[in-house]
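Student: Note that the protein sequences, when read in sequence, are chains A and B.
Numbered according to our numbering, the first sequence spans residues 1 to 262.
Numbered according to our numbering, the second sequence spans residues 1001 to 1268.
Quick caveat, the hints were computed from the structure, so don't treat them as lab data.
Glycine included, C-beta positions come from ideal geometry on N, C-alpha and C.
One or more of the hints may lead you astray.
Facing chain A, according to a computed beta carbon distance under 10 angstroms, are these residues of chain B, among others [said to hold, decoys possible]:
(1) T1046
(2) T1052
(3) S1062
(4) A1064
(5) Y1084
(6) P1093
(7) I1103
(8) H1137
(9) V1138
(10) S1140
(11) R1158
(12) L1184
(13) V1258
(14) V1259
Each computed SDA-like pair below joins lysine to any residue, with the alpha-carbon atoms no more than 20 angstroms apart [to be verified]:
(15) B:K1095 / A:G163
(16) A:K248 / B:K1238
(17) B:K1260 / B:R1232
(18) B:K1095 / B:E1164
(19) B:K1095 / A:P153
(20) A:K248 / B:R1219
(21) B:K1095 / A:L232
(22) B:K1260 / B:H1244
(23) A:K61 / A:E247
(24) B:K1095 / B:S1051
(25) A:K103 / A:T118
(26) B:K1095 / A:K103
(27) B:K1095 / A:W181
(28) A:K61 / A:L72
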Amino acid sequence: MPRAQLLVLQVLVAVMAIGAWHLFSSYRIFGVVVLPPFFFSTPLDVARQVVAWFATGVIWKHLWVTLWESILAFVLGSIGGAGVGFWFARRPRVAAVFDPYVKMINALPRVVLAPIFTLWLGLGIWSKVALGVTLVFFIVFFNVYQGVKEVSPAVLANARMLGMNERQLMRHVYWPSALSWMFSSLHTSVGFAVVGAVVGEYLGSAAGLGYLIQQAEGVFDVAGVFAGMFVLAAFVVVIDAFVSLAEKRLLVWRPTAGEGKP
Amino acid sequence: MRNAPAVALDDVTVAFRLGDGAAYTVIERARLTVDDGEFVAIVGPTGCGKSTLLNVVAGLLSPAAGRVVIYGEPLAALNRRAGYLFQSDALFPWKTALENVAIGLETAGTPAREARARALEWLKRVGLGTFGDRYPHVLSGGQRKRVGLAQVLIRDPRILLMDEPFGPLDAQTRQIMGNLLLDLWGADRKAVLFVTHDLEEAIALSDRVVIMSAGPAARIIGDWRVPLARPRDIAEVKLDPAFHALHRDIWHRLKAEVVKGYAQVEGV
Chain A
1 MPRAQLLVLQ VLVAVMAIGA WHLFSSYRIF GVVVLPPFFF STPLDVARQV
51 VAWFATGVIW KHLWVTLWES ILAFVLGSIG GAGVGFWFAR RPRVAAVFDP
101 YVKMINALPR VVLAPIFTLW LGLGIWSKVA LGVTLVFFIV FFNVYQGVKE
151 VSPAVLANAR MLGMNERQLM RHVYWPSALS WMFSSLHTSV GFAVVGAVVG
201 EYLGSAAGLG YLIQQAEGVF DVAGVFAGMF VLAAFVVVID AFVSLAEKRL
251 LVWRPTAGEG KP
Chain B
1001 MRNAPAVALD DVTVAFRLGD GAAYTVIERA RLTVDDGEFV AIVGPTGCGK
1051 STLLNVVAGL LSPAAGRVVI YGEPLAALNR RAGYLFQSDA LFPWKTALEN
1101 VAIGLETAGT PAREARARAL EWLKRVGLGT FGDRYPHVLS GGQRKRVGLA
1151 QVLIRDPRIL LMDEPFGPLD AQTRQIMGNL LLDLWGADRK AVLFVTHDLE
1201 EAIALSDRVV IMSAGPAARI IGDWRVPLAR PRDIAEVKLD PAFHALHRDI
1251 WHRLKAEVVK GYAQVEGV
């Protein structure tokens, strides 16, 4: 499908959905409002709210807080996950000892940790970062672990025949392989970093997009909730675009880098 | 030791331990010498342990019994004098063709700049001078084999181990690669151990053809000298009557083993 045509169709979906929403929430159809504004708000109210946030500038502070929390969660979680993943993959005995505990912690719904983090780290950004870290950590950890384990035996034997010592094997074989697996999960781990930040904010904070949504919800301001969701969605889309860009650059050597991804 | 053979296998037996604790013998009491500068092909039915034999010479696998002697010295660890061209794709997918070739020098401590310059020379020598910045996944099978060949030869090993290197290529490419190999080999005559299941290829390339029996417990059951003059052209040498006579001879011996080998693989 040509690009322009695809774009038109994509925009059309949004127009139809918002149009229907507007129609059913603002006009009576056979004497009833199908989507009562109290519960569903109206597209105009939501738009007005978004514009007001940007016009007064209050939104920037919240966006900044959420972005900062997400970045910290992503970076710290990635470093931890990559380090431990590497360590476990190269030391099978350590991995075997810790295996049941890793499974246990990973099976735990991370949301239940949020109150504990708030207790330990306070209402500031660090309790949200900690929540994001627990999410990102495991994704990166499993991918790096797999990446080191799944180095092709032929490539490994070749590297040894080419005279690589243990340090050079790390640098030229294990590390690139682990990185490729890690990068292929970049979309997921970045997404989880944002989820951690927003959920953390929602459960208790003084700033951020999650806080904004939670505040609106507290006073039955449905327009505010929807406006917060729209800003959040746009925020994630922008971040995801940056991730795609990074991925394309980092995985040039891969046959299908950046293709076939949703 | 000047006159010591490049490779000497002294009653080498290779066995693996299976899951249930039983030992599975792959190769039994293999005896083989390869002289310095000699091109030896090993032919055998599928699954007879040809690749295993190469891994033993490379030092990637240690034998259960017997000795591997390289230029008069018993092999204890990895064989530092050998270069190994693997059957499957063994290039580093995250490195460009040039980086793939240069890496063998860089690991030995050659400065990156010089390693790259020499790698480019080698790429030219295998006919890929303009492909230096390509990643392996955009190269064809034949091109990847050329890069692999350059990657191994740049380290100038005295012994070259090749495990069905041209197996997955089409007939024409195999012929071209065979001639390229003979050209490169003719320049400084390394000792070569070339594993293949293709008898014609074996005769066309080598000085000696060694036949292995069907596994398990494969043995070396035949050793023929190839009476064809060098330099050779792979396509032309196949028209030589001496080629046909030798082919008939060896095939006569090999056929029974091939049938046995298939019977085992198919479980008949």
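Student: Under the criterion of a CB-CB separation shorter than 10 angstroms, is B:S1062 in contact with chain A as hinted?
Tutor: Result: violated, 14 angstroms to nearest chain A Cβ.
Student: Given a cut of 10 angstroms on the nearest C-beta pair, is the interface hint for B:R1158 held or broken against chain A?
Tutor: The hint is violated - B:R1158 has no Cβ within 10 angstroms of chain A, the shortest such distance being about 14 angstroms.
Student: So, as I understand it, the hint says B:T1046 touches chain A; can you test that by seeing if any CB pair is closer than 10 angstroms?
Tutor: violated (18 angstroms)
Student: With the threshold set at 20 angstroms, check whether the alpha-carbon distance from B:K1095 to A:L232 stays at or below it.
Tutor: violated (39 angstroms)
Student: Does the closest beta carbon of chain A sit nearer than 10 angstroms to the beta carbon of B:S1140?
Tutor: This hint is violated: B:S1140 lies away from chain A, its Cβ roughly 14 angstroms from the closest one there, beyond 10 angstroms.
Student: Is the Cα-Cα distance between B:K1095 and A:K103 20 angstroms or less?
Tutor: violated (35 angstroms)
Student: Holds or violated: the hint that B:T1052 contacts chain A, with Cβ atoms closer than 10 angstroms.
Tutor: Violated - the Cβ of B:T1052 stays beyond 10 angstroms from chain A, reaching only about 13 angstroms at its closest.
Student: Would the stated hint for B:P1093 survive a check requiring a Cβ distance to chain A of less than 10 angstroms?
Tutor: With Cβ-Cβ at 6 angstroms, under 10 angstroms, it holds.
Student: Is it true that the CA of B:K1095 sits at most 20 angstroms from the CA of B:E1164?
Tutor: Violated: B:K1095 and B:E1164 sit about 24 angstroms apart, past 20 angstroms.
Student: Hint B:H1137 vs chain A: min CB-CB distance below 10 angstroms?
Tutor: This hint holds: B:H1137 lies near chain A, its Cβ roughly 4 angstroms from the closest one there, short of 10 angstroms.
Student: Restraint: B:I1103 near chain A, CB-CB cut 10 angstroms. Satisfied or not?
Tutor: Hint holds; B:I1103 Cβ to chain A Cβ min 6 angstroms, cut 10 angstroms.
Student: For the pair we were handed, B:K1260 and B:H1244, check the Cα-Cα distance against 20 angstroms.
Tutor: Not satisfied, since the Cα-Cα distance of roughly 24 angstroms exceeds 20 angstroms.
Hints 1, 2, 3, 4, 10, 11, 12, 13, 14, 16, 17, 18, 20, 21, 22, 23, 24, 25, 26, counting from the list given before, are not met by this structure.
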